[in-house]
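When you get a sec, could you build the whole thing from the sequences and use the hints?
Heads up: the sequence shown runs through residues 31 to 178, numbered per my numbering.
A portion of the hints provided could be inaccurate.
[To be verified] Using 25 Å as the maximum straight-line C-alpha spacing, the simulated DSS-like pairs for lysine-lysine come out as follows:
#: 1; residue 1: K51; residue 2: K86
#: 2; residue 1: K86; residue 2: K35
#: 3; residue 1: K35; residue 2: K88
#: 4; residue 1: K51; residue 2: K35
#: 5; residue 1: K88; residue 2: K51
Just so you know, these hints were derived from the structure itself, not from any lab.
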Amino acid sequence: MEIIKIRYTFRHKGSGNIEMKWYSIGQLEARAAAELSPAFSDEYELISRDLFTGLKDKNGREIYEGDIIHCVHWFFDGNEIEEHFTALVGFRDGSFTLENINSRYYSDYTAEENGKGICWIGDINYCEEDYEVIGDVYRNPDLLEAAE
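Below you can see the structure in the form of structure tokens.
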């Protein structure tokens, strides 16, 4: 990973609107957070800090923890099978993950307690053409529910 970046997600206390701000570690070290954005004021509630994975999707969009992505993956079980699924980008045990996967392969072999699959991003031979950020868990949680 060349540059460590963090996406901050805030909720405005008055309106309830969700706002996101992206900063590199260098920007955060250069000045106080309050000088970077009004979102660091008392008018906002910090919801999350999400790390940049170092990966981009097929449109060149950076992929962060908390993003919801559409994935295309090919499985080989004697036949070539193309499978499409939606997943949540997470971070566990020092690695970025795809979680809440509703997929025949991942649900059968890597299911969590909720019956959904999980895998480390490197496990599925990352190829940016196979990923597309379609939203995030803060503004579009319905995308995960729709995938069920």
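Here is how each hint holds up against the structure:
no. : hint        : in the structure
1   : K51 <-> K86 : holds, 18 Å
2   : K86 <-> K35 : holds, 13 Å
3   : K35 <-> K88 : holds, 19 Å
4   : K51 <-> K35 : holds, 10 Å
5   : K88 <-> K51 : holds, 22 Å
The structure agrees with every numbered hint stated previously.
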